[in-house]
Amino acid sequence: MMRPACLLLIVGAATLTGRADEPLPSYIGAARCSQCHAPSASAAECPLPPVPKHADAFAVLRRDVAREIAAFSGEPADPAESVICRGCHGTGAEEGRRWWADGFDASAGVQCEACHGPGSVHAEHPHEQRLRSIDRSVCTSCHRPLPSHDLVLRDGVRRAPADATYKTPVDLAVSPDGRRLFVACTQSDSVVVVDRAAGTVVREIPVGRRPAGIALSPDGQLLFVSARLDDSLAIIDTDTLQVVNSIAVGDEPHGLRASADGRWLFVLNTGEDSISVIDCATHKEIRPLTAGCGPWRGALLPDGSLAVTHVRPQPARFQQPHASEIALVAPDGRGVRKRITVPDANMLKGIAVVPAGPHAGTILFTLARTKNLIPATRLAQGWVMTHGLGVLRGGVVDQVLLDQPVDALADLNDLAVSPDGRYAAVTSGGTDRVAIVDVERLIACIDGHTPTERRDILPNLLALSDEFVVKRIAVGANPRGCSFSPDGTQVFVANALDDSVSVIDTSSWQATKTIALGATSEVTELRRGARLFHSADIAFGRQFSCQSCHPDGHINGLTMDIEADGVGLKPVDNRTLRGIVDTGPFKWEGTNPSLARQCGARLAVFFTRREPYTPQELQALVRYECTIERPPNRHRSADGLTSAQYRGKVIFERTRTNAGTEIPPAQRCTACHNGPYKTAQNRSIVRSTVWFDSWVNLPLADKSMFDSAAYGDLGIFYFADAGVPPELLDAPHLTNVYDAPPYLHSGAAATLEEIWTRYNYVGGHGFTTDLTRRQFNDLMAYLRSL
Amino acid sequence: MHVGGPTAWRSVVAAVGVASVWWSAQAGAEQPAQLDPVRIVLTRVPATVPAEALGAAALPDRSQLCLCTLADAGAGFPTCVDLAPDLAAAGRPDVAFDGTRILFVGRSSGADHSAVWEVGADGTGLRQVIALPDRDITQAIYLSSLYTLDAAAPVPLIAFIAAGGWWPTGEFGVLHTCRLDGSHVERISHNPLGERDPVLLHDGRIVVSAAYSDGWTRLMSVFPDGTDVALFHGGGRTRERLGEPSESPDGRVYFVEGATDQPTTAGDLASVQSVRSLSSHRLLASAMQRTLRGPAALDADHLLVSIRADDSATFDLFTMSATSGTVERCLIASRWWHEVDARIVAPRPVPAGRSSVVDDDAHTGHLYCLNTNLMRRERNRAAELPPAARVQAFTAEQASPVAAYPVVERLLGEAPVESDGSFFLEVPARTALRLRTLDANGQAIRTCAWIWVMPMENRGCIGCHEDPEMTPPNRRVAALRQQPHVIAAPVPETPQ
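Each protein sequence line maps, in turn, to chains A and B.
Once you know that position 61 of the first sequence is 60 in numbering that gives the first Met the number 0, the rest is easy, because the numbers rise by one and skip nothing.
Once you know that position 39 of the second sequence is 38 in numbering that gives the first Met the number 0, the rest is easy, because the numbers rise by one and skip nothing.
Please keep in mind that the hints were generated in silico from the structure rather than gathered at the bench.
Idealized CB from N, CA, C, for every residue including glycine.
Keep in mind that a hint or two might mislead.
[To be verified] Here are the in silico distance ranges between beta carbons for each label pair:
no.	chain 1	residue 1	chain 2	residue 2	range
1	B	S418	A	Q615	48 to 58 Å
2	A	P485	B	G98	44 to 54 Å
3	A	A355	B	T446	47 to 57 Å
4	A	P144	B	P415	50 to 60 Å
5	A	R316	B	Q397	49 to 59 Å
6	B	A345	A	K337	39 to 49 Å
7	B	S418	A	I339	24 to 34 Å
8	A	T451	B	V485	29 to 39 Å
9	A	A322	B	T446	34 to 44 Å
10	A	I339	B	V184	55 to 65 Å
11	A	T451	B	P415	21 to 31 Å
[What the hints assert, rightly or not] Far from chain A by the CB rule (all over 10 Å, computed), these chain B residues:
no.	residue
12	V48
13	V184
14	D466
15	P483
Chain A extracted, bound-state conformation (with noise of 0.2 Å):
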């Protein structure tokens, strides 16, 4: 039994306030406390029994079902790894092995400094260095419901054996001799090779964490695979089948390409937003390149420039529209010479350069046009999203919509162009289908009208596709990388939810084939998971799926006006889904206890507007989601935090300002960001309404309230001094809250640091009036450690 005991340690004793000059304290184990807290000795024993669950605790992370748990809370790391399972199966985890004492035993599970904080200090100057009082809140930092626990230990819930089996193919390279593919599989950390001819697996390839991209050199002699979870690329000899080097890239790399002379690999890092640029000879990195936002996969101009997508919008104003961009690396890679604008567009993925013919040149990539500005009130016509094509020509870019009018080809995640020019293959991962495109017909299409029509009208016109998509085929689950053979006669797709490659003949336009990558063939309920999250058939029209706003299980960057909570009202910032399970409650208004009630039947009332989930849908569903992995944080180093981290640490968990005052309670940062996910898992209240959360009290005539000049260009001011009745929201987990933007619930902050810097108006969300400039940098630097 817990004991809700309040203990202070040592009373009168200096707290740390996260100065520069302050020294930071290591931990150094129980058996040092001990020294001094014991019965035979002068200081304060410690008024709770002996817990033997808490110096086993780290112990239990070493057995199976700890895996288990770790895989249905999205934590890619051995438990026994991991700062989330360690901040409450051991200590001084989140800070890390630099601030371990020598003598210090991290398998020692909860020792008193998990609770009392790092003890060096202390122990040095017992009665100058005061430790962490304890009250209840420390104890239920760690001791509450965790639904990935009751998941396994509960319930009895695990993975299939079938689950291991999976493949999950999500991209694909022909052999330049079109004798073999090369298919990236993400689930079975491989790369399976298939003989084109015959059909069938020739190897399989162990590689890194999670391949995500695939490339070849220009001779077809190297294989390139990113490894997304690993931030790593292997290298494999395409004779002998070997990995012949692996090495460091930057964080989540995803596509790759090589110059067109095979001496540079661009590998395009999307989770720092940025091009490694590979010496293919020494195989180093001899440059990282600044990309923009999430660049996702690049094709090579004749030229030997590289154009890259990426995934995510670049940082728009509030509620303003939001554009994506389309960079173009030098050939040398020794910069990126530009950046072309796509308006109102987002999730560029596909891309590829029509080779020959007469549009030789021409840029095409896929995108999809979210209409996060308006009320998500209907389904007809497009009102949520479109998905179409980008055409890029002379610098000027065009778009046309693949969608029809109550018949989306959602999620399109790849394309790729014929050799000689004629046709692109697109793939549809929400509708299962690829749309194969003229290029001459869709060419002709948007020179036919003028340009205002091509600014204004063709984005938006769900008419026109029907002049330049040939086709539209039936694949496997969730088609993603697509590749036509070298001699244009076939176009293979990898499905990756039935891990499969299809085979489309070019002369009639049929999915003539499908090569299985050998997995099972069962379906899982998690696999049923997955296919329900990556399919658009949920949503009226197949406007979109789960996917379509949380790519690979994260987020958008888009704030959207949901209809729940009133037209024009309360926009709200997409978060992600990244190792959520254990966060709950979810919803910005906090009100969705679990993820099966976030998922059930409102989701199908205000958003998809078809049936909602069965119950075993529902929870097959919510399982995937629970899978759904967060990857390591790139902000933190193996050692653990850097000083700066630990200051703003520090800082963080702070009870008294600078000049010494107690901070309130509600003020201090822990009071709602605490235990290993740093979310209390309550609602709280930080005052940052804004114009667009509340119509209430404000007069219909009175045009000032857009006044920003008196009140700020949200409104914040407004509320604030209005007295209007502050929101209780909920309070966000902040695992890699850095990867995350934009931020606060209406996504008014662009930037972690505007959280403070323009929406804390009244200090509503924590005290950080009195930081010093280098104080608040270090909260920022340990926010982003998180």
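Mind docking chain B on chain A? Use the hints.
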């Protein structure tokens, strides 16, 4: 209530030969329909009933609901049985998605109002689903499921047309839904002129032939909760009267179209794609004006249609090529009966269900327009017309005795249009509405057709008669930054 059973099967109507009549098979290179075995349910109406009356609201007396089993080409005589022999009249069938039950309208006696009935495809289990005390129910179809937040699970529904439209001839009724047990009756259309010929599309929309104030009928779509009413096809480029829609397995919607001076019971055969219904019109059989009605899909390539040779003949049942409109075979013919409303008795995919925001506890909904100055691009008259400054909302007060103006309208209220062309209204739910935009001088600019919102529905439009295949531009509009302007519900006038 009359209960069917084995007795129904004893009422075997005289078998009718496969007539080698005036249309011989003209299949050409096309594959003829495979008919072995095929069961068809249809309405058999006495030949004494004038053909013009087949399309009237009331089901003609002595109409029979017949189940006919067809053999393949030349194999002999279809056997037809009356599935509801104890009813005074029965017909206009719809087949359940699993192919085991048939919904239809019928009367127990000549004095009764027509009601909705259901019978098993084997003739058993005849039951009345719903009857209205004061009105005929003239047509009924199965719907998929409807889900609302206060329901434990999605609920299967039916839709039916009840008499009551204000169209002067009385042939148009009012679209309703109810559950399969006849409970929870909801009126889901508030077009004051009425509608007829409902059909459920695979995507969950109901398409009906709706009467418009200009005297034309168009195909209109609406969801089973009454939301999102929209023009499905018609207006401008097609004929004045569109009716009897039916969807084929490949997603084409076939319908009969004719001119207003033609009988309402027949016309030409046309089709549109359900995904691009506004711009994929195709005329299939234009040479048969006045002679064709009731298209229904036999399969993706063939239709069942009722055709008559001339004005004095009865309607007989044929197959027709869905691609060329070529009449292929006569399936059932009789000089004593019209064979109409044929439907295949077989399982079919369950259409999409609907989840609804409609809340019966509410009394209002919202209407918002993103830019009322945005108009259809090919008739873009924006430069000619002044920008809208205000918008007026009218309701339908009562039927008018003047045929040219069948509805007496009443002004409900007026609201400003923002400088960016947007407006935002809170309007009474379940109320027929027409919106009219005015310029700064109070001159009318445009008026829309009858629309409505259901309780709690938030209905948005992009522009004013904009291109119906245009998606909204992604811009936040000024009107939605304020509370909606309230348009009050009409208050009945009391005598002085």
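Comparing the hints with the structure gives:
1. Separation of B:S418 from A:Q615 is about 52 Å and conforms to the stated range, judged on CB atoms against 48 to 58 Å.
2. Between A:P485 and B:G98, the C-beta spacing of about 50 Å keeps the proposed range 44 to 54 Å intact.
3. At about 54 Å, the CB distance of A:A355 to B:T446 agrees with the hint of 47 to 57 Å.
4. In this structure, A:P144 and B:P415 meet the distance hint of 50 to 60 Å, their C-beta atoms being roughly 51 Å apart.
5. Against the hinted window of 49 to 59 Å, the Cβ-Cβ separation of A:R316 and B:Q397 comes to about 51 Å, which satisfies the hint.
6. Between B:A345 and A:K337 the beta carbon distance is about 60 Å. The supplied range of 39 to 49 Å is therefore violated.
7. As the Cβ distance of B:S418 to A:I339 is approximately 32 Å, the hint placing it in 24 to 34 Å holds.
8. Between A:T451 and B:V485 the beta carbon distance is about 38 Å. The supplied range of 29 to 39 Å therefore holds.
9. At about 37 Å, the beta-carbon gap between A:A322 and B:T446 stays in the expected band of 34 to 44 Å.
10. In this structure the hint that A:I339 and B:V184 lie 55 to 65 Å apart at CB holds, the actual value being about 57 Å.
11. Checked against the hint of 21 to 31 Å, the C-beta distance between A:T451 and B:P415 comes to roughly 29 Å, which is consistent with it.
12. In this structure B:V48 is separated from chain A by more than 10 Å, as the shortest Cβ-Cβ distance comes to about 38 Å.
13. Its beta-carbon lying about 22 Å from the closest one in chain A, B:V184 satisfies the requirement of being farther than 10 Å from that chain.
14. At roughly 7 Å, the least C-beta separation between B:D466 and chain A is not larger than 10 Å, which violates its mark as non-interface.
15. Here B:P483 does not stay apart from chain A, with its beta-carbon only about 8 Å from theirs, under the 10 Å limit.
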